[in-house]
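**Student:** With the hints as your guide, set chains B and C onto chain A.
Here are the chains, one letter per residue:
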Amino acid sequence: MSSTSIWYATRASGIVALVLLTLTMVLGLATTSRTRARHWPGFAQQEVHRRISMLAVVFVAIHVLTSILDTFVHIGWLAIIVPFASPYSRFWVGMGTVALDLMVAVFVSSLLRSRVKPGTWRAIHWLAYGSWPVAVAHTFGMGTDAGEHWVIALGIVCILSVGAALLWRVRAAGVQKEALAGVKVPEIPQTRLALTPRSGARRYDA
Amino acid sequence: MTTLRITIDPVACDAYGYCAELLPEAIVLDEWGYPMVDGRPLPPELVAQAKRAVRDCPRRAITLREKKAGS
Amino acid sequence: MTRSVSQALPEVASLHHLLGHPVDLAGHIETHGALAVSLGHGTSWQRALAASLEESGLAGRGGGGFPASIKLAVARAGGHGGTVLVNGMESEPASNKDKLLLTRAPHLVLDGAQYLAALCRAKRIVVCIPIGSDGVAAAVGHAIDERSSARYARVSETVVRPPDRFVAGEESALVNFVENGLSLPVFRADKGSALRIQKRPALVHNAETLAHIALIARNGPGPFRARGMAEEPGTCLVTIGGAVELPGVVEVDRGVALRDIAMLSRPVEPAQALLVGGYGGTWVGPEDFGTPYASMSLRMIGASAGVGIIVVLGAEACGVAESARIARFLADQSAGQCGPCVFGLPAVADDLAQLARGQVGTGLMPRLDRRLGEISGRGACRHPDGAVNLVRSALKVFAADVAAHAQGRPCPYRHKPSALRFPRPITI
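Protein sequences appear in the order of chains A, B and C. Every letter in the first sequence is one number past the one before it in my numbering, and letter 202, counting from 1, is 204. Every letter in the second sequence is one number past the one before it in my numbering, and letter 40, counting from 1, is 42. Every letter in the third sequence is one number past the one before it in my numbering, and letter 83, counting from 1, is 663.
The following block holds chain A by itself, in its conformation from the complex:
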């Protein structure tokens, strides 16, 4: 395989991975904000989120492997795990490594979900909120295709999608608080949960 083909593979899989990660974020936010598509069961929505995240992992793996195997620039195997260890484009490759590390933590903890305490799992899953923006920064910071119009457009769509999903999720938390105010949740000094009625309200969690 010529160096150029590997390079194209790296760039292409990177773009695809970014799109898949964006989709994963949007679906994850939809799940926790209890947004339900009308005829689409909630468990299926959660399943789609999981499967797209696995697909994203595959494309990230291809992206990372091809970038290491590419002889044109030297990144080095260490840079897969250790941020800012790559001689080439130290900072932006490092950002990629950070995004990867966080993503792996989320992925592995989810594979082992039944063996991990719910609080721990939720805390690790929150790292996704860090992983995705860093991945976006890495994509545009690396600069390779960042000048292309369609890539810029894609980037804007991704950012707007996650932004919208995030706003939706924050709104859901507010709606849920209102619903609970109507129910008069009693004032216990250490109440730690909030609950959701089915009728319209959303729930706030990870």
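Do not rely on the hints blindly, as some may be mistaken.
[Claimed, not checked] Quick partial rundown of chain B residues pointing at chain C, CB under 7 Å, derived from the structure:
no., residue
1, D11
2, A17
3, W34
4, D40
Calculated from the structure, these hints are not laboratory results. Quick caveat, the model's predicted, so the values are computed rather than measured. In this text, a Cβ means the ideal position worked out from N, Cα and C, and glycines have one as well.
**Tutor:** Frame of chain A, contents of chains B and C only:
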């Protein structure tokens, strides 16, 4: 003969409702979205779906417990 | 003031004559003798005391009515180094007996805990008194100081102050509070399984139960069994309130007719119903006033003994409105953990409030009936069950009133101030 029964942890449950979607024959949601089970033993043909409901619950609120007949 | 119904029987098993005034350690030792426990494992003393408790047939006086000897066996099987918790929470607003016991005879209650601690080799005793009951906490604290100065107590005794809420007195909520500082009931799939604090057994008992244990330990099971009924021996303390001249705590033998208990406090007018067991208990109608005050007999008329409380509802009162107030109180007291309770109880309270006002649309009664069927048994604790039972008993006992209210003809008494005590005023 041991049978499997569905147990819901009401403290953990947060009314996601996936269990009722997966197992409508055994779980019905009340008007606030929380699951109701009747405590009957699970028919063998529903066990696979029940195990899926256990796996898919975001709060791990549903479990299957073995009960000896007559208890 | 306390009175005993059966004055002729031996007083040695009675509590009421110990409650006339506060008793200090010296007075306590003079009346009962010193605390004589034998520590160790599998001693003959332990076997004898466990056998005494079993023979006495003592059942819990905190509302559960569970045999004390079985609870003890479960705790003993859990190993040593555990905790005995004295449940002094008395979260039923209509109840006063535990406050009385703990202020007038704290040493008797603490002795009961010491006996249990010796039996299950617990390493500490924790007395739970709610925030706000500072008089009780002071009395118990003072008694504990006396006992430790005199090196009277074998196992260390301390007081903790959980929040003053209805569910805070629930067993698993107390254990959760002592272990984690969270006064919230814990879900147990197997309700009979032992409670634990840091993997060691936790044995929770009502203050009155412990007082009886202390007397049985000193006097044997005989005097206890000589009172009450064969199936449900002993005496119990009952707080009588409502439309009566002499509200207060009385001691009665188990099995005395409800009417006779109520008469001790001299009702001011003919009662239209009795509330038995507190706000988590049930209403009983006049046709059942002759029912013996015992778990089995009460269960047969669809009531429950619960905690020793009887509230007399006078003739000029609205049972529907009072029940609506109780339902609202119970809804507000939810721990907030379980959907069916957090949402179901307020919904039922709303339905009852509408019924009390006589503004009943079609569908309210069937909806209320459906909700009552759906809420019960789906919480981590029995709080929603108690509320459902209360409401169901109201619909049965006040059936004629309910029908009138449902047809838009509420009785005039619903605006009368409530005969029931609540920590904060309840509006419906």
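**Student:** A closest beta-carbon separation below 7 Å is what the hint needs, so does W34 of chain B meet it against chain C?
**Tutor:** holds (4 Å)
**Student:** Close enough to count: is the Cβ of D40 of chain B nearer than 7 Å to one in chain C?
**Tutor:** violated (11 Å)
**Student:** Does the CB of D11 of chain B sit less than 7 Å away from some CB of chain C?
**Tutor:** holds (5 Å)
**Student:** Take the shortest C-beta to C-beta distance between A17 of chain B and chain C; is it under 7 Å?
**Tutor:** Holds, because the Cβ-Cβ distance from A17 of chain B to chain C comes to roughly 6 Å (cut-off 7 Å).
Against the hints set out earlier in the document, a violation occurs for number 4 only.
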